[in-house]
Amino acid sequence: MPHQCTTCGRTFPDGSKEMLSGCPDCGGNKFQFKPAGETTDEQPSSPGDMPSDAGREPSADDRKPSADDRKPSADDRKPSAAGSHPSASDDDGASAADDSASSPQPTESQSSDPPSVDSQASESETADTQQSDSEHVRERTEEDVAQASARSDVVSPDELDRASRDVESGSSATESGPDTPADPEGPRPDIDDLRDELNEQFESIRIVSPGKYELNLMELYDRQEYIISLQEDGRYVIEMPDAWGISDE
Amino acid sequence: MGLLTNLKDSISRVTDGLFAADEPKRIGIYGPPNAGKTTLANRIARDWTGDAVGPESHIPHETRRARRKENVEIERNGRKVTIDIVDTPGVTTKVDYKEFLDHDMDKDDAVRRSREATEGVAEAMHWLREDVDGVIYVLDSTTDPFTQVNTMLIGIIESQDLPALILANKTDLPGSDVQQIANAFPQHETIPLSALEGENMDEVYTKIAEYFG
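Chains A and B, in that order, are what the protein sequence lines are. Mapping to this note's numbering: the first sequence position 86 is 86, numbers consecutive. Every position in the second sequence, counted from 1, becomes a number in this note's numbering once 1000 is added.
Because the hints were derived from the structure by calculation, they are not lab data. Here the structure is a predicted model, which is why all the values come from computation and not from measurement. From the three backbone atoms N, C-alpha and C, an ideal C-beta is built for every residue, glycine too. Treat the hints with caution; some may be incorrect.
Below, a list of computed lysine-lysine pairs in the DSSO-like style, where the Cα atoms sit at most 27 Å apart [claimed, not checked]:
(1) Lys1094/B / Lys17/A
(2) Lys212/A / Lys1107/B
(3) Lys1094/B / Lys212/A
(4) Lys1098/B / Lys212/A
Below, a sample of chain B positions facing chain A; criterion: calculated Cβ distance under 8 Å [what the hints assert, rightly or not]:
(5) Lys1025
(6) Val1095
(7) Val1111
(8) Val1121
(9) Ala1122
(10) Leu1162
Can you make the complete structure from the sequences, with help from the hints?
Shown next, in the form of structure tokens:
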């Protein structure tokens, strides 16, 4: 649940209108925002995510265990990790271009067990894109290994560049990959459909990029409070109905 | 007791009448960007008060804050109608700074203009809900009126039971097609005009007095 009342702890889904006039339970007007990735809720998709993330999310969630297994396997559990993901080799086509060095720890993983490089590379591609999202659900021991690795290694500029490219191309790569049957939730929804769905969910003003806005006129008309100032960082100031008596001309 | 009640009733009747007479109706000038809303607002304000409302421009979203001209007294056929004119930013569903780059504007200015225009649309929609007693809906008669924004706004205005006057502006331009606008909104009367040239303003004022008087 992305929004939580800081007074009584009640949570609200992203896009909820209930909280616009204060918490219905306690009347509190301070809320904290928790992105879907911060909780262990298995939400199929979060309305607050960017469309490209949402398009990729179902498969990424499914793969979390394999991505997590991979890390320790690079050090000491390689055979079991490789054996537990027979479908991983299906990823070859999608990840062939990145085979050479897309693992976060290239020196360790590549030198330790060459036959599994393909599966590592393909999984690491997913892991790269999901690294931040999935870390919170890692087992403690796995996290320790990853943390230790992160502390001891220094990422090279080359890897950083590659990782950013992986994120950008992540959704198309996983969509076009031949391993989609591994997804138990059925066919992945089309990215355009998801974008449409998200657009329907945006409340009144959607900041597409700096200087580019989409407006939901009905929402702007329907809401009692109105937006009086958009900030450059994406925040905005609204005038609440309570304040009308004071600030109205 | 009965005397007091009668006295109270007559006082409230008098005060109601005073307020009704004193409070001019707020007429919002709405429409898509670049329809000529500010040109019309300035034309009305100059004709009846001598002042302008705001700067006009061929660059879209020149008006990014609602501007009001109060106590505009319009005289028609011996009747006086006092209105407040609210010139609103052009309503649209998308604002993109790139459309301003063609108008000799650098990127920072274009992004800022875009942000202000978006705030302006939010404000215009809010005014429509809260602060407007009637609407003058201005359309550029050289462009297709069948748009999502026009349909939505006219729908909102109708749902609010607000008196609305539809003006087919820019009749001085060669591509002007007033009939197309009349066909788009057959439930409303469409008045042709050129706010820029001042053509047919007499009829516009007559209709303003009739609709909002």
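Do the hints match the structure? See the list:
1. Lys1094/B / Lys17/A: holds (23 Å)
2. Lys212/A / Lys1107/B: holds (12 Å)
3. Lys1094/B / Lys212/A: Roughly 8 Å separates the two Cα atoms, so the pair holds.
4. Lys1098/B / Lys212/A: holds (8 Å)
5. Lys1025: violated (17 Å)
6. Val1095: holds (5 Å)
7. Val1111: Check passed: Cβ of Val1111/B comes within 3 Å of chain A, closer than 8 Å.
8. Val1121: holds (6 Å)
9. Ala1122: OK, holds: Ala1122/B within 8 Å of chain A, min 4 Å.
10. Leu1162: Because about 13 Å separates Leu1162/B from the closest Cβ in chain A, which is outside the 8 Å limit, the hint is violated.
In this structure, the hints that do not hold are numbers 5 and 10, in rising order.
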